[in-house]
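*Asks:* Listed here are the chains, written in short residue letters.
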Amino acid sequence: MASYSTNQFKPGLKLMLDGDPCSIVENEMVKPGKGQAFNRVKLRNLRSGRVVERTFKSGDSVEAADIVEVEMQFLYNDGEAWHFMNPESFEQIQAGNSIVGDAGQWLKGQEMCSVMLWDGQPIGVTPPNFVVLKITQTDPGIRGDTATGGTKPATMETGAVVKVPLFIEEGSLLKIDTRTGEYVSRAKEE
Amino acid sequence: MSEDLGGRSLIPDPGCSSPLSPPRWGPLAPWHHLRRRARLLADVRAYFSRTGALEVETPLLALAGSTDPALASFSLTAHDGRQWWLQTSPEFAMKRLLAAGSGDIFQICHAFRQEEQSRRHQSEFTLLEWYRVGLDHHGLMDDMVQLLSAIGFPFPLERHAWSVLSLQYLGFDAALAETHVLADFARARGGVFQEALLDRTVLLDWIYGCALLPSLPADRAVFIHDFPCEQAAYARLAPGAPWLAERFELVVGETELANGFHEVIDAREQRARHVLENTRRRAAGRPEVPLDEDFLAALESGLPPCAGVALGVERLLMLMLGVDDIRQVVAFDDGSARD
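For the protein sequence lines, the chains are A and B, in the order given.
Heads up: the first sequence begins at 1 in the numbering used here, then just goes up one per residue.
Heads up: the second sequence begins at 1001 in the numbering used here, then just goes up one per residue.
Everything labelled a hint here was simulated from the structure, so no lab data went into it.
Each hint can be trusted.
In silico negatives: residues of chain B with every beta carbon more than 10 Å from chain A:
id : residue
1  : Gly1052
2  : Phe1074
3  : Ser1075
4  : Ser1149
5  : Cys1229
6  : Ala1331
Coverage of chain B stretches by chain A, computed from C-beta distances (three or more under 8 Å per stretch; other residues unrestricted):
id : region
7  : 1117–1126
8  : 1199–1210
Quick list of in silico lysine to any residue cross-link-like pairs, SDA-like style, CA-CA up to 25 Å:
id : chain 1 : residue 1 : chain 2 : residue 2
9  : A       : Lys134    : A       : Asp177
10 : A       : Lys134    : A       : Ser185
11 : A       : Lys14     : A       : Trp118
12 : A       : Lys31     : B       : Glu1178
13 : A       : Lys10     : B       : Gly1190
14 : A       : Lys31     : B       : Gly1285
15 : A       : Lys31     : B       : Val1275
16 : A       : Lys31     : B       : Arg1286
17 : A       : Lys31     : A       : Ser3
18 : A       : Lys108    : A       : Thr155
19 : A       : Lys31     : B       : Ser1215
20 : A       : Lys31     : B       : Trp1243
21 : A       : Lys31     : B       : Gly1322
22 : A       : Lys31     : B       : Glu1254
23 : A       : Lys31     : B       : His1160
None of the values given here were measured: they were computed from a predicted structure.
Heads up, the beta-carbon is just placed ideally off N, CA and C, and yes, glycines get one too.
Just chain B, with the same shape it has in the complex:
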C-alpha cells in the first residue's frame, strides 16, 4: 500500500523522477527512503510480534527528566509554573512497566537531546527500545542478531569485548590503565584538555569515541561488550570483575547504532548512580535534574532481571540505505540547519 501512496502523491519524487530541485517546504528524504523507513518499522513490529514482545507507548513529556551527565534535556515551563521535561529515552517509564509485570516490551518513539547536531545527530530522533525479561546482555545481543537478520541488515556482525578491541587497535587495555597513562595517550593523539586533573570517565570516553571507534573497520557491525565500569551508565557490574560493566554497543565504524545493558535492578544502587550523575552534572556546570521517584519506587517494588537496548532508527536506516546524512532519512528536520 505504501508503495502506491508514494506514486499517487502530488509531490514529485525528488529522488528519482523530477529534474527540478524539491521545493523548500518539501520533504528532505526522497520518497523511496521514506517508503523504506515505513517497511523497516513494519518489519520490526512483525519481529517483536512473532517473538512475544508487547508494543507499548509511554509519555514523551513528563515532570521527571534524565540525570545522565552527558545529556542535555529540553525542558519547558508550563502555565502552572512547573518544569516539564522532554524525554531523552523511554527507559524509566518502560522499566516501570516491567516492574508492573509487563514481560517483554518494545517501543518505537521519539526522543529529544539538546546540543546534538551533526550528520549523525538531530535533536529529535527516533528510538527503538526493547527489554527482554530473564536475559543478560549476551542473550539480548543474540536477540538483536535475530532482529537484524529479520529486517535485512546488510553488514556482517562480530562480537568483541571492549578490552580486547582496545588491546588490538590501541595496543593496550585502556580499561585497566592508570589515569595518567590514559591522559598521556589522549594528549599524544591530539586530545586538548583544560583541566590539570583529568577525569578518568572523560578520558575513557575520549579513548572510545576519538581513538577506538575511528580505528574500527567501517564494513562490518561490531557488538562491543563489557565496558569499563566508569562507563557503566545503568548496566550491572560484572560478577567477579567489578571493573567491567555488562553493557554493549553495536557500532559500524564510528556510527553507534545501539546501546544495551544487563540492567541494574537494585533500587539503592540505581539511586546511588543518579546521585553520582547529578554530582557530575554540578561539576560540569550543568543543572541538576530531580530524580524520577516513580521509577525508583518501581525498582524498590522489584524489577525482574532483564536486559534492554535502545537503537537509533535513523542511524539504522542510514546504514541500510548507504547514506551519510541523517536528513536523507527523515521527512523533515527542525529547520535550524537551513540558511
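This is chain A alone, in the form it adopts within the complex:
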C-alpha cells in the first residue's frame, strides 16, 4: 500500500484519514525547542468537504489516498444518477445526487467536468468554471436600466437561480461563473 512520509507533506497531497480520503490544505512544522517535531496539517475531507486539523509526529508515514481527477463529459441525468463519459476511453460512470451536489445546477449536457475518483469510484464533480445557460423565468426587464446596479433573481434552464441586472430579459443567454454562482455577462447563441 502506498504511503507518504510527513516530510513529503505539501498542499494538495491526498491521504487517508479515519477511512476517508483527504487533501492537505496547509502543512506547518511544529518543533518545540528540545523535543519531537510534529506536522500540523489542515486537511479537507474529499467526501464531506469539511476541513479538519491534525498533528502528525514528524517521520511517521500515512496511507496515501488513491485519488485521480479525470476530465469527463456530462451526458444526462436519469433522475437517479448523473452519467459521465471519458471522451478518450468512452468509459462511462454514474454519480448519485449526493456526489454531484451543487455542481448539478450548472449542468444541462455536454459540459466537460472534472470528476474526482477514489479507488475508481466518483466522490466529487467540479463543473466548468464558466457555463452559458438560458433564463427560463424572471421578472420583465426594465429597458435601458444599466446604471442603477439593482438585481433581480432569474431561474435558469437547469433550475439554478442567479442574481442578474434589472435590464436582463427572460429567454436571454447568460455566462455564469460556477465558482461564485454569479452572473458574468450576456452571451450569444453558439
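Once you've looked at the hints, dock chain B against the given chain A.
*Replies:* Only chain B this time, still in chain A's reference frame:
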C-alpha cells in the same frame, strides 16, 4: 557608523527607497533590519561586558556531535575518512571552558540543525548562549530579564511554572497525568500517532508544542519553568520533586525564544542521559552519535554549579521587528527555499 554604511551602499534599500524589486542575488532582509541586527548584537555585547561575562568562541566543526534524539546534526566525511559534525549548539565546548575555570561566559555563534525549515526555522541560525556560575535557573531568568530590558525587548514578561500553565490552559496538570490520559487528550485534539504503545516523552512534547503553546497569549513573553522530568534534557531534577526538571523556556505565543537549564554537573548522570538519548535515537531509526568524551572528562574534573541558556537571535529580531518570517532578518538563506 553602521547607519552610514547602509546609506553609502550601491545596493538600493529594498525596504524603503527603491520601487524596484530587489535583485535575486541581493539580501533578503531590508537594510534597516540588518542595521537593527547589528545594533542588537552590539547591545548584547555591551550588557555582558558590563555584567562581567567573557565573550568566547568555540569550534563549529568537531569530531563529536549531539546525541539529542530530536536533533539531526549535519555531518560530513573528510578526506581522511573521519566523520565530522557541525554543532547543533556550543553547549559542550562552553561547559569545558567553565570546568577549566572561565567564570561567566557568553558566545554568539552559528548552529546547524537538519530538517528544520519553516517561517521560524532555518538549518543554519544564530545562537546567543551564556552561562552564569553559581546561579540556578531562576537566577538566570532574572539575569535574562535584565538583558532583555537592556536591549529594548518590547514585550511584557511573565514567569509561570509548566504545571500551572497546563492546569490553567489545558484544565489538568499534564506533568503528573498518566500516559494513557495524555494519549486520549492528544488524540481528542487531533493528534495522529502510529504506535499502539505511545512514548510519554513524545506525548508531553505534543502537549507542550501542539496544545499549551498555541493557547498562550501572543502579546507577552512568558518564562515557563520547571518542566516534566521527561523533558529535562540536560537540566537538573528539582531537589525534593524529581518529577520536575530545573529547565525553562522563554516563549512569545508559539515562538520559542530561549531554552535554559540549571545544569547537570554530575558526570555519571550526564553520561547516563547521553546513553539514554542514543537509545531513543536507535528506537527512532536515527543514527547513534559518539559521546563527546572531552566534555564528559571535563565534567568528571568538576563543572562549577551553573545555569546556562541559549537564545535564538533571529527569533529575537523577528519579535523586536514584528516580522513573521525568519528570512526578513537574515542577509541570505541557504537558497533551498527558492523556486
